[in-house]
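There are 2 protein chains.
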Amino acid sequence: MTKSLSELVSQHQELIEKAVDAVNTRRNWSPFKDSPSRKFYPEGRPEEGKAAFEARIGQKYEIDQPGITGWTGAEVSPYTGKQLGITYPLSDPDILVDSAKTAMASWGRTTAEERIALCLEMALRIYDRGFEMAHSIMHVAGQSFTQAYSGSGPNALDRGIEALAYAAKAMKDVAPSGTWERRFGADDIVLEKKYRMVPRGIGLVICCASFPTWNAYPAMFASLATGNPVIVKPHPIAILPIAIAVEECRAVLADFGFDPNLVTMAADTPEEPVAQKYIDNPHVQIIDFTGSPRYGGYLEKTVTEKLLYTETAGLNSVVIDSTENLAETAKAIARGTCLFSAQMCTSPQNIHIPKSGIMTADGHASFDDVAAALVSAVDDIANAPAAAAGVMGTVQAQNSVDLVLDLMERLDGHEGAQVIRRASPYVHPDFPDARTLTPLIVTLEAGNEEIYSEEHFGPVLFIIAAEDAEGAVNDATRLARQHGAISSFLYSTDADFVDWAVEEYVRSGMNLTINMHGAMWINFAAAYSDYHVTGLNPAGNACLADLAFVASRFRIVQYRQPASSVASIAA
Amino acid sequence: MTKSLSELVSQHQELIEKAVDAVNTRRNWSPFKDSPSRKFYPEGRPEEGKAAFEARIGQKYEIDQPGITGWTGAEVSPYTGKQLGITYPLSDPDILVDSAKTAMASWGRTTAEERIALCLEMALRIYDRGFEMAHSIMHVAGQSFTQAYSGSGPNALDRGIEALAYAAKAMKDVAPSGTWERRFGADDIVLEKKYRMVPRGIGLVICCASFPTWNAYPAMFASLATGNPVIVKPHPIAILPIAIAVEECRAVLADFGFDPNLVTMAADTPEEPVAQKYIDNPHVQIIDFTGSPRYGGYLEKTVTEKLLYTETAGLNSVVIDSTENLAETAKAIARGTCLFSAQMCTSPQNIHIPKSGIMTADGHASFDDVAAALVSAVDDIANAPAAAAGVMGTVQAQNSVDLVLDLMERLDGHEGAQVIRRASPYVHPDFPDARTLTPLIVTLEAGNEEIYSEEHFGPVLFIIAAEDAEGAVNDATRLARQHGAISSFLYSTDADFVDWAVEEYVRSGMNLTINMHGAMWINFAAAYSDYHVTGLNPAGNACLADLAFVASRFRIVQYRQPASSVASIAA
Chain L
48 MTKSLSELVS
58 QHQELIEKAV
68 DAVNTRRNWS
78 PFKDSPSRKF
88 YPEGRPEEGK
98 AAFEARIGQK
108 YEIDQPGITG
118 WTGAEVSPYT
128 GKQLGITYPL
138 SDPDILVDSA
148 KTAMASWGRT
158 TAEERIALCL
168 EMALRIYDRG
178 FEMAHSIMHV
188 AGQSFTQAYS
198 GSGPNALDRG
208 IEALAYAAKA
218 MKDVAPSGTW
228 ERRFGADDIV
238 LEKKYRMVPR
248 GIGLVICCAS
258 FPTWNAYPAM
268 FASLATGNPV
278 IVKPHPIAIL
288 PIAIAVEECR
298 AVLADFGFDP
308 NLVTMAADTP
318 EEPVAQKYID
328 NPHVQIIDFT
338 GSPRYGGYLE
348 KTVTEKLLYT
358 ETAGLNSVVI
368 DSTENLAETA
378 KAIARGTCLF
388 SAQMCTSPQN
398 IHIPKSGIMT
408 ADGHASFDDV
418 AAALVSAVDD
428 IANAPAAAAG
438 VMGTVQAQNS
448 VDLVLDLMER
458 LDGHEGAQVI
468 RRASPYVHPD
478 FPDARTLTPL
488 IVTLEAGNEE
498 IYSEEHFGPV
508 LFIIAAEDAE
518 GAVNDATRLA
528 RQHGAISSFL
538 YSTDADFVDW
548 AVEEYVRSGM
558 NLTINMHGAM
568 WINFAAAYSD
578 YHVTGLNPAG
588 NACLADLAFV
598 ASRFRIVQYR
608 QPASSVASIA
618 A
Chain H
48 MTKSLSELVS
58 QHQELIEKAV
68 DAVNTRRNWS
78 PFKDSPSRKF
88 YPEGRPEEGK
98 AAFEARIGQK
108 YEIDQPGITG
118 WTGAEVSPYT
128 GKQLGITYPL
138 SDPDILVDSA
148 KTAMASWGRT
158 TAEERIALCL
168 EMALRIYDRG
178 FEMAHSIMHV
188 AGQSFTQAYS
198 GSGPNALDRG
208 IEALAYAAKA
218 MKDVAPSGTW
228 ERRFGADDIV
238 LEKKYRMVPR
248 GIGLVICCAS
258 FPTWNAYPAM
268 FASLATGNPV
278 IVKPHPIAIL
288 PIAIAVEECR
298 AVLADFGFDP
308 NLVTMAADTP
318 EEPVAQKYID
328 NPHVQIIDFT
338 GSPRYGGYLE
348 KTVTEKLLYT
358 ETAGLNSVVI
368 DSTENLAETA
378 KAIARGTCLF
388 SAQMCTSPQN
398 IHIPKSGIMT
408 ADGHASFDDV
418 AAALVSAVDD
428 IANAPAAAAG
438 VMGTVQAQNS
448 VDLVLDLMER
458 LDGHEGAQVI
468 RRASPYVHPD
478 FPDARTLTPL
488 IVTLEAGNEE
498 IYSEEHFGPV
508 LFIIAAEDAE
518 GAVNDATRLA
528 RQHGAISSFL
538 YSTDADFVDW
548 AVEEYVRSGM
558 NLTINMHGAM
568 WINFAAAYSD
578 YHVTGLNPAG
588 NACLADLAFV
598 ASRFRIVQYR
608 QPASSVASIA
618 A
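Read top to bottom, the protein sequences are chains L and H.
Each step along the first sequence adds one to the number in our numbering, with nothing skipped, and position 8 is 55.
Each step along the second sequence adds one to the number in our numbering, with nothing skipped, and position 346 is 393.
Hints were generated in silico from the structure; no laboratory data involved.
Note that this is a predicted model, so its numbers are computed, not measured.
Treat the hints with caution; some may be incorrect.
A pair counts as met if it fits within one copy or between any two copies, since identical chains are not told apart.
Simulated crosslink set (DSS-like; lysine-lysine; CA at most 25 Å straight-line) [to be verified]:
1) Lys353 <-> Lys324
2) Lys241 <-> Lys65
3) Lys97 <-> Lys324
4) Lys65 <-> Lys219
5) Lys353 <-> Lys129
6) Lys50 <-> Lys86
7) Lys348 <-> Lys324
8) Lys97 <-> Lys353
9) Lys107 <-> Lys65
10) Lys50 <-> Lys97
11) Lys216 <-> Lys65
12) Lys97 <-> Lys86
13) Lys86 <-> Lys324
14) Lys216 <-> Lys241
15) Lys65 <-> Lys50
16) Lys129 <-> Lys107
17) Lys216 <-> Lys402
18) Lys219 <-> Lys107
19) Lys402 <-> Lys65
20) Lys50 <-> Lys348
21) Lys353 <-> Lys148
22) Lys219 <-> Lys86
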């Protein structure tokens, strides 16, 4: 330990101030580079990270947390099809909870500034392991190397720091003390009041398989910063990235003299899931869940007397009314849906287009013209192996491949449905055994809602004929109100139409991206600037991050006494 | 309508700024006078208020809200024992919900500043009806005139404005728009982003019988300010004060061109309670509950997928370790417990004293000396009819009288218990038929926890022998963790002991008042300065008010588009 806690607080003061400024102004900011380009890093860093990952293969991932009862691990690389053979400690839930409770006492007595500085230090140290993290994410989740580096690394850490900024604001709002003076009858009463922030209880963070760090960092840091210990439960097929994060958090805590059991990992197996044991424990007071609508919905309907923040999934849609440039629009959508083979919570699935076609700067384009443009744009990515590898990466689970292929078979010859692009593997240039699948694209006449009114978790694009542009917006927004939506997209050159549509999306609690072309992924969510999930539709009950995401994670307890009494006691 | 909405916003701008300053600094502030003294009001105002109340007797209280299916009202004055004979509209729950939904649309498009200004206007107009409100509170809840005026009038309105201050802060935290610029590859992306606050849904406010306005205003204003309509459900034996408030809120809304159905009243009867119908309605998204631990606890265990804020009740305690002045301490506690005949959520019930007695500035006082001092201090109030009337008022429900008298009978001759002051009515100087009861005081040896580990809703004081002062704190804090506590009190001249004890109270989520003597009621809760309820123990799950009380009542929806697209659409 080379540095004192107060030095750490000073060192990170500017960082948290900049983060608070960023969330206040919603401007672009990050303390990180989100590209794996060698030019940004010390020489050898990329190789060290890869070597660190490779050294884990077939080994125990030692985390010196309490209550270890065994070892588990069944991760299979979607790139190689091989088991990673890494095993992780299984801990007794009661012992992890007890350890967290014990650790909580001292953590609750730190200042907000200290906890925030320590969380920032955790984020910076996890960032320093970015290449190791990127290879880990690749080989458990299946993202491309570039996306694994940026999206699951600095972009996810930024979201954690964004949550810290909100925690800082919410805690700063609580005055530590106040003097209160008032005359009652003949008495001048002067009271000295103290206000103490008290953590709520143990936070459980349940992570998803395909993007494990993305919601984990905001939840972990929001709970930790407000004084709560966290137990992180990784998905059993994507433990490694969480193990790295937990290890680094524990190291920071230990380095500064805190009980590392403020952050522990609750690994489990698909056969013996452990989440509910923690959820049912009365000391677990905060639950952050990312995962399936099925389990998320179950939690929403059953969890009481605890805080519950969920992000599940929904039907992300694109409506095209008109566009300046159909090829650019098709390219933008194709990139969005191809990114990580549509396994992102923000991946578009349903494209709603007027059955009579759309207006473009080059004149009218029929429904089939638009569909053809989308197929062509997807082909441009799918048929170029280097592009496909960089954009699509792999499909994490065989289940997703089966689901898409089954769907394709079901829709071949289905009344009102036409498969206009078949899903098939592409050959990854570096990993010939990679599990890949290029998008299935299907056009659908009206009246096939049973097909597109559910999320198909895999590379599928439905192009759905709407009565007209308003009908397209009505379809997209109605489905979102019923089934949820995280990202929504609209293309229109008609200002009045956009104005009308915006109100429909707002009313339906849908975040909307309008007329997005160019090099930015249309479903790119910028920390500090884009609110992720509205909490207003079934895709989740929380926004990451806003004041509501943090303000209830701590409570305020006050004590007051006459100023004269304070003096006499002190004297 | 003499004034525009923008004029109203300007007019109340300073008021909300001062309220925000007050909650930030926790200083003493109020826009109101909280004394009914004539000198503060225009000539004739007190008489007009009394006359307005009296004119209601035996009449229908017309509220022109939709869905009226009948009339109800069974209020009985605890001062006269007579039925008030006022009846109130019963409305069909589905119709009230539909009306609120309809009203919500336009309300959601107002600005935060407009909604806050309108809520402030409601508060000011309710304040102007303060004397009518005071007589109404007296004759349904049974508070003394002075307390009815201040505690259920300006002090309660201040708490509403306090909630508005938090709503203002939480909404101000959301930037309405932002420009985001970043380079992606060869593209300079500039996005214009808009952030819209969206109300959560209909707010249901369930009021208690004995202090109906106290938590109603914060809940109503917190929901209204954040864009949600409210349906206020008064307790069936205390409808009148809520009817006045609802009527005034509706008048303000109508005056400024808004749908008055943003605020409606859901009266019901004890035989056919209606709350659950609203709670089960999916459009009701926010529930603020004040009332019994039984129903509040049921809601805490059953309500999911909605916001729920509860305040119920707990075991408020006093621990005496030592005191500068035993007579003053006894007087302070006696006044606290006598105030409104201990029917306040902040009334102390359990006095924990070391069995060996305490130290005072005048030397040692035995357990029995302390008990005798408490009896004497209560007698000073109870035996002076004018003092008794001003402090104790009446007992609202015969049930509370029966409960105390039954308890007294049960404890007469109970092993380890000694009734040292008998509960009996005092004769109210102005209302000879008033339902009154002076406090029962009982000393208890250790091992009688089954007696004092529940709230007895009525004038009862237990003086409980503890092993020593630390044991007294341990007993008080353990009981609060198990059964809840809203106010807690400690007397000690030992600074080290206070420091130790404070940590125990904080750890138990208990707000604490230390060494309070003098003219201020020890259980006086000052809006803007005292956080009411911690949410950390079973006495309630929410704090009124803090950021957490408001931040989740609205959500944020965003839309974003390239700056170039905005320009081209606008052109």
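Do the hints match the structure? See the list:
no.: 1; hint: Lys353 <-> Lys324; in the structure: both (14 Å within a copy, 24 Å between copies)
no.: 2; hint: Lys241 <-> Lys65; in the structure: between (29 Å within a copy, 21 Å between copies)
no.: 3; hint: Lys97 <-> Lys324; in the structure: neither (36 Å within a copy, 60 Å between copies)
no.: 4; hint: Lys65 <-> Lys219; in the structure: both (15 Å within a copy, 19 Å between copies)
no.: 5; hint: Lys353 <-> Lys129; in the structure: neither (40 Å within a copy, 45 Å between copies)
no.: 6; hint: Lys50 <-> Lys86; in the structure: neither (29 Å within a copy, 64 Å between copies)
no.: 7; hint: Lys348 <-> Lys324; in the structure: both (17 Å within a copy, 18 Å between copies)
no.: 8; hint: Lys97 <-> Lys353; in the structure: neither (41 Å within a copy, 46 Å between copies)
no.: 9; hint: Lys107 <-> Lys65; in the structure: neither (39 Å within a copy, 60 Å between copies)
no.: 10; hint: Lys50 <-> Lys97; in the structure: neither (29 Å within a copy, 70 Å between copies)
no.: 11; hint: Lys216 <-> Lys65; in the structure: both (12 Å within a copy, 20 Å between copies)
no.: 12; hint: Lys97 <-> Lys86; in the structure: within (17 Å within a copy, 81 Å between copies)
no.: 13; hint: Lys86 <-> Lys324; in the structure: neither (46 Å within a copy, 64 Å between copies)
no.: 14; hint: Lys216 <-> Lys241; in the structure: both (19 Å within a copy, 21 Å between copies)
no.: 15; hint: Lys65 <-> Lys50; in the structure: within (22 Å within a copy, 43 Å between copies)
no.: 16; hint: Lys129 <-> Lys107; in the structure: within (17 Å within a copy, 79 Å between copies)
no.: 17; hint: Lys216 <-> Lys402; in the structure: neither (49 Å within a copy, 47 Å between copies)
no.: 18; hint: Lys219 <-> Lys107; in the structure: neither (42 Å within a copy, 50 Å between copies)
no.: 19; hint: Lys402 <-> Lys65; in the structure: neither (48 Å within a copy, 57 Å between copies)
no.: 20; hint: Lys50 <-> Lys348; in the structure: neither (47 Å within a copy, 47 Å between copies)
no.: 21; hint: Lys353 <-> Lys148; in the structure: within (16 Å within a copy, 28 Å between copies)
no.: 22; hint: Lys219 <-> Lys86; in the structure: neither (38 Å within a copy, 41 Å between copies)
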